[in-house]
Amino acid sequence: DTGVSQNPRHKITKRGQNVTFRCDPISEHNRLYWYRQTLGQGPEFLTYFQNEAQLEKSRLLSDRFSAERPKGSFSTLEIQRTEQGDSAMYLCASSLVRGSYNEQFFGPGTRLTVL
Amino acid sequence: RKEVEQDPGPFNVPEGATVAFNCTYSNSASQSFFWYRQDCRKEPKLLMSVYSSGNEDGRFTAQLNRASQYISLLIRDSKLSDSATYLCVVITSGTYKYIFGTGTRLKVLA
Chain V
-1 DTGVSQNPRH KITKRGQNVT FRCDPISEHN RLYWYRQTLG QGPEFLTYFQ
49 NEAQLEKSRL LSDRFSAERP KGSFSTLEIQ RTEQGDSAMY LCASSLVRGS
99 YNEQFFGPGT RLTVL
Chain C
5 RKEVEQDPGP FNVPEGATVA FNCTYSNSAS QSFFWYRQDC RKEPKLLMSV
55 YSSGNEDGRF TAQLNRASQY ISLLIRDSKL SDSATYLCVV ITSGTYKYIF
105 GTGTRLKVLA
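Residue numbers (our numbering), protein chains in the order written: chain V, -1 to 113; chain C, 5 to 114.
No wet-lab data here; the hints were simulated from the structure. Just so you know, these numbers come straight off a predicted model, no measurement behind them. Each hint should be verified, as a subset may be incorrect.
What the hints assert, rightly or not - For lysine-lysine, the following DSSO-like pairs were computed, each having C-alpha atoms within a straight-line distance of at most 30 Å:
| id | chain 1 | residue 1 | chain 2 | residue 2 |
| --- | --- | --- | --- | --- |
| 1 | C | 46 | V | 69 |
| 2 | V | 69 | C | 49 |
| 3 | C | 46 | C | 111 |
| 4 | C | 83 | C | 111 |
| 5 | V | 55 | C | 6 |
| 6 | V | 55 | C | 111 |
| 7 | C | 83 | C | 46 |
| 8 | C | 46 | V | 9 |
| 9 | C | 49 | C | 111 |
Let's have the full structure, built from the sequences with the hints guiding it.
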């Protein structure tokens, strides 16, 4: 399968713990995105990378959240001192930007539950 | 006001019916538009891009009205397998991030 992969698929943690998620994009894609989706809502943009550079961060991304893409390939999203409000599906997407066309391909997501 | 708004539904329709969804956007600088489909507890998948002149893909037709700032999706001859949430996506000029609507739930009934 050459699609976007995410690990773990599910994570249950206690409030106050740190968690880290990994995303492996489609190999030739230069852009990588993180979104968060809660029940009954559409995904909300968190941040994106072009190669290893983080180009934009949403105001939703508090100081407890950090994302990296150190070699321009896989990315990690870390949440420190988790809160119950962080419970959501965290989706990663990647794209190969060609001109103005930008179809994003999504991974299966990591479902986070904070107890 | 949200940047992208959709009626959350659910729309319950019988098999074979025609159903239409609208999506309105607030930023006139929006330049690209998509419809994505999301099945329960799955990731969103591209259904179709929306072009200025309108476009059709089998039973699905997408249209863009820039003057009124809305896009639409028409599904003809609904199938049970069309049951899903349909997400409207807008991209603003100068950025590549997706702005999603809340999604419209469709249930096609036998």
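Hints and how they fare:
1. C:46 to V:69: Holds - the C-alpha atoms of residue 69 of chain V and residue 46 of chain C are around 28 Å apart, at most 30 Å.
2. V:69 to C:49: Between residue 69 of chain V and residue 49 of chain C the Cα gap is close to 27 Å, so the pair holds against 30 Å.
3. C:46 to C:111: 16 Å, holds
4. C:83 to C:111: 10 Å, holds
5. V:55 to C:6: 19 Å, holds
6. V:55 to C:111: 35 Å, violated
7. C:83 to C:46: 19 Å, holds
8. C:46 to V:9: 16 Å, holds
9. C:49 to C:111: 18 Å, holds
Violated hints amount to a single one, hint 6; each of the other numbered hints is respected by the structure.
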